[in-house]
Structure formats: C-alpha cells, structure tokens
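Participant: Sequence:
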Amino acid sequence: MTAPLLLVDGHYLLHRAWYGFPTRITSRDNTIDRTGVFGFAALLRKAQAEHAERAEIFVAFDSENGSQSRAGQDSAYKAQRPTPEPGLIKSLALVKKALDHTGVRWLEQDGCEADDVIATLTTSACAEGRAVDIMTSDKDYIQLLSDLSVRLLNTGVAMERRYTAGAHILPRYGVLAEQWPDFRALMGDPADNIPGIRGIGAKTAARLLTNGRRLENVPDEELRPAWTAQWQQVLRWREMIKLDTKTAVPDSLLTTTPTTPLPMAGQVLEALDLW
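Position one of the sequence shown corresponds to residue 1280 (the working numbering), numbered consecutively onward.
Calculated directly from the structure, the hints in this document are not laboratory data. Check before you lean on any hint, since a few could be wrong.
With a cut-off of at most 30 angstroms between alpha-carbon atoms, the simulated BS3-like pairs for lysine-lysine come out as follows [to be verified]:
hint, residue 1, residue 2
1, Lys1482, Lys1375
2, Lys1525, Lys1418
3, Lys1375, Lys1521
Restraint ranges, calculated between C-beta atoms of paired labels, are given here [stated by the list, open to error]:
hint, residue 1, residue 2, range
4, Ala1505, Ala1481, 29 to 35 angstroms
5, Glu1501, Asp1530, 42 to 48 angstroms
6, Thr1305, Glu1332, 29 to 35 angstroms
7, Glu1407, Arg1492, 27 to 33 angstroms
8, Thr1507, Pro1542, 34 to 40 angstroms
9, Gly1366, Lys1482, 39 to 45 angstroms
10, Glu1343, Lys1418, 21 to 27 angstroms
11, Met1438, Ser1531, 50 to 56 angstroms
12, Glu1495, Gly1453, 14 to 20 angstroms
13, Pro1498, Glu1332, 46 to 52 angstroms
14, Glu1329, His1447, 34 to 40 angstroms
15, Ala1406, Gly1435, 55 to 61 angstroms
16, Arg1451, His1380, 15 to 21 angstroms
In this text, a Cβ means the ideal position worked out from N, Cα and C, and glycines have one as well.
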C-alpha cells in the first residue's frame, strides 16, 4: 500500500529549530552551537511520532540562488530579509548529514525555492492518489489546498489548530484556496516583500474576489483609479506568488514507502560525532 506523504519545508524547520529552543544546545565542551541540527532532528522526530508514523517523509530546501527567478521579475522580492547568522548556515550542512544518516530523503534543487519543489511533488503525488501533508508555516502553500487530499501542518501551534485544509480557507479569509495568489497580490505579502496595493487589506481584497473571481474578472467600476494604475504590477506579483507545479526535479525522488522511525536527536548527534 502506498504511504501518505509528509513534505517538509526544510528552511522553515531549521529556522524554527535555531530560534525556537529556550536554551542553546552545545557540544560537550560548550564550544560549538549544535542547536540547529539537534532541534531539526528533534522536531522532525516529534512530527513523525505525532502525525506521520505511516508516512513517507521528504525534505526540500531552498537553493542559494532559488529566489533568482522571481527577483528577476521584481528586484525587491525578499530583499528585506537579513543575512542568516553564520551558525545557522553551518547548521544546514549538518542537517543534511543527519537526514542522510536517518534515511530521510531530501533535495536542494539548483535555482529553485523549496516551495516550488514541494508544489511539484505535491501535484505528482496527488495525481497518484496519495494524501499529502506539508509541514510549514508559509501561507504561500495555501494555494495547493484546492486539492482535498492536501493539508498544511504547523506543529508550532496547539494540537487542535495544527492542520489547515482547503475547507478552512473560505471561512477564514473569504477566498478560495485557488484564489490565494490573487488575494495576496492585492493585499501584499510582507514575508516576501510584496507590498500589495495601498488601501487594500484582507477584507477589501476578499470583496474584490467575491464569487471566485480572479484578478482579470474584477469589474472596472469596483476599482479606484489609483488601483487601476497599479493593476499590471498586481498581475506580476500574482505570478511571483504562484507556485511552480512543474519544476524539473529528478525522477524517483519518492519511494512511496513509510519512513522508518527516526532516532532521538541526541543519538543522531552521537552517531555523527557532533557532541
């Protein structure tokens, strides 16, 4: 029987590990910070135990030049983000070694953001009849929830709020999951430095997109002149927000079999001689 799939946004989980632990995890001589790799291994193990015991786990990372394509459309894209801390960068290589040790497959596709790799794998898995959970806090993935077999999993919140499915989106935001790029293009996405149109917040954006409208279908009489003047920019922002479901990824990335139970984080660091 084909296993359900848990796709993990690798940089999301690493950032959560690095910044989310109340105390730093160090080597036994207290000279090297191991919080990133320890936290990543611990959080992934906990997610498997609580939500994905029978699932295949796959992790996707942003490549260093992953934002280049979208930044080519708008140089402001993600330009506000600070340079990662050196310890965080060093942790990434160790996380990949830890994944190799535990048998969890991962991919950092040159020139691609993890979002697009995950969107592509989600689309292909759903076409094969597999249920897919995406472990992330990134709202860009909401657009994938138009498929009823896809859910978002955020283990950083209370248990009863961890899953987001397509049925949650209209009551919560006033738009359908497939309208998410249109919605965010109008109101903006601060995480990616997409400003949206001044004067349009969530309620106004939802009103303009009522009844499943897309940006092309919004009547001119509902738009202020200042909004109309920015409409071509809005269309460009929407294309930047859209996830690429046809990213060229290697064949046979997924095994369709459940990932074996992951070891404790301390055991992983011990096996890799990181203590």
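Participant: Evaluate each hint against the coordinates.
Facilitator: Against the structure, the hints:
{"no.": "1", "hint": "Lys1482 with Lys1375", "result": "violated (42 angstroms)"}
{"no.": "2", "hint": "Lys1525 with Lys1418", "result": "holds (20 angstroms)"}
{"no.": "3", "hint": "Lys1375 with Lys1521", "result": "holds (28 angstroms)"}
{"no.": "4", "hint": "Ala1505 with Ala1481: 29 to 35 angstroms", "result": "violated (19 angstroms)"}
{"no.": "5", "hint": "Glu1501 with Asp1530: 42 to 48 angstroms", "result": "holds (47 angstroms)"}
{"no.": "6", "hint": "Thr1305 with Glu1332: 29 to 35 angstroms", "result": "holds (31 angstroms)"}
{"no.": "7", "hint": "Glu1407 with Arg1492: 27 to 33 angstroms", "result": "holds (32 angstroms)"}
{"no.": "8", "hint": "Thr1507 with Pro1542: 34 to 40 angstroms", "result": "violated (58 angstroms)"}
{"no.": "9", "hint": "Gly1366 with Lys1482: 39 to 45 angstroms", "result": "holds (41 angstroms)"}
{"no.": "10", "hint": "Glu1343 with Lys1418: 21 to 27 angstroms", "result": "holds (24 angstroms)"}
{"no.": "11", "hint": "Met1438 with Ser1531: 50 to 56 angstroms", "result": "violated (35 angstroms)"}
{"no.": "12", "hint": "Glu1495 with Gly1453: 14 to 20 angstroms", "result": "holds (19 angstroms)"}
{"no.": "13", "hint": "Pro1498 with Glu1332: 46 to 52 angstroms", "result": "holds (50 angstroms)"}
{"no.": "14", "hint": "Glu1329 with His1447: 34 to 40 angstroms", "result": "violated (20 angstroms)"}
{"no.": "15", "hint": "Ala1406 with Gly1435: 55 to 61 angstroms", "result": "violated (30 angstroms)"}
{"no.": "16", "hint": "Arg1451 with His1380: 15 to 21 angstroms", "result": "violated (39 angstroms)"}
The earlier numbered hints that this structure contradicts are 1, 4, 8, 11, 14, 15 and 16.
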